[in-house]
Structures are given as structure tokens and as C-alpha cells.
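Using the sequences provided together with the hints, build the complete structure.
Here the protein sequences come in this chain order: A and B. Residue numbers for the first sequence follow our numbering, beginning at 1 and rising by one. Residue numbers for the second sequence follow our numbering, beginning at 1001 and rising by one.
By construction, these hints were calculated from the structure, which means they are not laboratory data. No residue lacks a Cβ here, since even glycine has one placed at the ideal position from N, Cα and C. Hints are not guaranteed to be accurate.
[What the hints assert, rightly or not] Facing chain B, according to a computed beta carbon distance under 8 Å, are these residues of chain A, among others:
#1 Arg-23
#2 Arg-156
#3 Val-157
#4 Ala-158
#5 Ala-167
#6 Arg-174
#7 Asn-197
#8 Cys-198
[Said to hold, decoys possible] Taking CB as the label site, the calculated pair distances span:
#9 A/Pro-188 - B/Asp-1077: 35 to 43 Å
#10 A/Thr-35 - B/Asn-1196: 47 to 55 Å
#11 B/Asn-1196 - A/Asn-196: 28 to 36 Å
#12 A/Met-1 - B/Glu-1091: 54 to 62 Å
#13 A/Asn-196 - B/Ala-1116: 39 to 47 Å
#14 A/Ala-5 - B/Glu-1091: 51 to 59 Å
Number of protein chains: 2
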Amino acid sequence: MRKDALHNRERLLRAARSLFADRGLDVPLEEIARTAGVSIGTLYNRFPTRAELVEAVFEDRVATVAELAERSLAMDDAWEGFVAFIAGVCELQAADLGYNDLAIRGGTADTDTGYALMQQIIERAQESGALRDDVTLEDMAFVIWGVAATVRATFRVAPGVWRRHLALTLDGLRATAAHPLPAPPMTPAQTRTAMNNCP
Amino acid sequence: MRKDALHNRERLLRAARSLFADRGLDVPLEEIARTAGVSIGTLYNRFPTRAELVEAVFEDRVATVAELAERSLAMDDAWEGFVAFIAGVCELQAADLGYNDLAIRGGTADTDTGYALMQQIIERAQESGALRDDVTLEDMAFVIWGVAATVRATFRVAPGVWRRHLALTLDGLRATAAHPLPAPPMTPAQTRTAMNNCP
DNA sequence: CCTCAAGTTGAGATTCACCTCAACTTAGCT
DNA sequence: AGCTAAGTTGAGGTGAATCTCAACTTGAGG
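Shown next, in the form of C-alpha cells:
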């Protein structure tokens, strides 16, 4: 790859990162190119589809989430670990409207290892007796979707209230809060399609 | 109003109702006109803006929610009343993607009397000791937004799981589940803007 | 039956975003 | 210095949705 091409790639990624962060994933590509000081043709050269650009912009997040998961597993208290992980992911969402959008659509921890780690965090918290026994990995989507919706709605007007939403939600996930659930959890397949279906 | 005009108005409302219900509020107006068997010009004649059409389509819901609230207040158990009300609103959301969209944007119970009734339901449930003391009317937006997000994501693939999300959320609202909340509630003004800000 | 205000029509103007490609420019090799 | 593959450019085609308006049609009162 020629050095000017690489340079332009960087500029595009920087522009996209910043625009996605405060306007969400639906920013016009033309605007990203303009902000990067590059023509629309160049953008399409580097990133033939929007998805590839998004991929590239949020590449690092996969590792971030994995680290988050490992740090959580390393914590002494299983419940605290669980909370730290969920809160950490939500923090990422709240810090970046683009990632928030992506989280809704299934970008978070979408690797098999990501899910495996999350599964571990959940099981450990359940074994410790703090996390209710009747929730599954798939139920975490509710937390992500819910907080994402609140983040989207309150991003500008009350940045930070999402923590209140999350706290209420977590209180519902404690074993001590458990009351029988009215419906079976989603299957992994359902969860996957639900995440990719999102507009 | 001439009788053919009235007739066309009805056809437009019927078409819009049905399209909104299963595709959300962003259906193209041309499609609504076509479905109604009427020209786009007529649609614009009757409803100069999309908002006016939406208004007309969901006019009845205000009363429905008010009834729901009154029926809930009439229930013996305050907590059951609270749950019945919230669940009732969510049921409306789940039954109609358009109303689900509208709920996100602040259409639900947006009358002063609607809020007043909801306030009563909450206070009563708190006085009974079942609903946690530290939540406010504004926190109900989290429930609505959260369930709305889940409804949107799972509408086709797992219609009904939203009940599970709601059940988990309600478990977090019980007094017995309460743990200190990390952030103050939204102010009414913030809630209002947050609702109207939504995309 | 006549009249005309009320209502309808749909072709086209407008806007906005996506995407392409032929002509141009340039990095980097020899 | 000269060559060429790699890269850039942006005007313009495409498509989808919104909105307008001048010409036409029709309900209903007299």
C-alpha cells in the first residue's frame, strides 16, 4: 500500500470515528469524506461498503471488550465482576453513539470468544448466588438494548442518566430480586437474527 | 366536509393504521396513499404533515391509556395496579410498531392528565411499600424505552420475549430489590426533550 | 339542471444519499 | 529522468422519498 493511500486511510478513519461518535452510524459518507479532506471516490476505494468502514473504525472494540471481560473475571467478587463487565460495555456505548448503534445491531462481543467469556462471567455470578439463576446469556441483550435506547434518547440532554437506568436493571438481575419469569429466553439463533434485523 | 372527502380520509387512516402497525412510523407516504387507493395529493390535502397523520391515527390511544390508568387505580393491590398499567402500555407497544415508535418519541400518555394518573399510580404503589421509594415518574421512561427497543428488535423473530424483559425490569422496581441509585432522576423538562429528540 | 366551491389528480420539481468511472495525478522503482 | 501501477478526483447517473400546483372532476345547494 502506497504511503499516501495509507495516509488517506488514516484520515478517513479519524473522520469517521469522530462523526460516528457524536452522530451515530448513519452519517452520510460524503460528509465523512469531506471531513477527512478526501474525495468520495477515495472513500469508496478504501471502503467499498459502509459496513467495511464501520468494521475498521470499531475494530479495536472487540479487544477492549475481551479485556474488560477478563478483568471482570479476575475480580474477587463474582457479582462485582458481572456488574463491572456490563457497566463497562455500557460505558463504551455511552461514550460513542456509533458504538451504541453497533451494540444494538450485534457488534458487541460478537466473537465466539467474547460470548464464551460473557457466559463464564454469568455462570460464575450465578454460582456465587448473587445473579439470579433463571437468566441466560441471551437476556443480556435486554440490558444492552435497553441502555442503548436510553443513551440514544438522553445523549445530549442528560448524559449520565443511563447509569440510573442500568442500576435499576441490575437490581432486577440480583438473585434476591427474582420472581418467576413469564416467557422463555431467546434462543441464540433468535438473538442473532434480532440483532442483525435492527434498523 | 364533503362525504367523498370524509370517505377518503377514512381510507387513508385505515391504510396508515395498518402500515404503521407492522412497519413502524417511517412508511413512505406514497405507499400509504397507494394502499388507500387515493392519490398522494389527496393525502397531502388531508394531512399536510406526517405528524398530523400520525396524530390522527393514534388519537384513540390517549383515551385507551387513560382508561388503562383508571382501571389500574381501581385495582385492590397497588403493586398489581402498577404492573397492570405498565404492562398494558407495553402491550400496546408490542401490538403496533407504529405506536412503539411513538412511545419512544413521547406519544404515550403525553397529556397532563395522563401524567397525573401515572403519578398517582406510582405514589400509591410506593405508599403500599411494594414499589421502591427512590424512583420517579421520569424513570418510567426507562421502562418504556427499554421495552420499546426490545420490541423493535424482536418483533418478528420472537414476539413475546419483551414480556421477559419487562418482568426483569419490574423485578428491579420492587422495593425489596432496591439498592442505592448512582444518578439523580431526569427532570420533567429533560424527559420531555429526550422524548422529542429521538430519531 | 346548473353552478361552483370543494376535492382530486399525478406528473414533475426538489432534495438527499448512494455509487461509478473515465480522466487525471503521483509515489516509488529502475 | 522516465515510466507505470497505484491512487485520486468529482461530475454525473440512480433511486427513493417529499412536496407542489395547475388542470381536472364532482358533490350538493339552489
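Against the structure, the hints:
no., hint, in the structure
1, Arg-23, "violated, 10 Å"
2, Arg-156, "holds, 7 Å"
3, Val-157, "holds, 5 Å"
4, Ala-158, "holds, 5 Å"
5, Ala-167, "holds, 5 Å"
6, Arg-174, "holds, 7 Å"
7, Asn-197, "holds, 6 Å"
8, Cys-198, "holds, 5 Å"
9, A/Pro-188 - B/Asp-1077: 35 to 43 Å, "holds, 37 Å"
10, A/Thr-35 - B/Asn-1196: 47 to 55 Å, "violated, 28 Å"
11, B/Asn-1196 - A/Asn-196: 28 to 36 Å, "holds, 29 Å"
12, A/Met-1 - B/Glu-1091: 54 to 62 Å, "holds, 55 Å"
13, A/Asn-196 - B/Ala-1116: 39 to 47 Å, "holds, 41 Å"
14, A/Ala-5 - B/Glu-1091: 51 to 59 Å, "holds, 55 Å"
Comparing the model with each numbered hint stated earlier shows that hints 1 and 10 do not hold.
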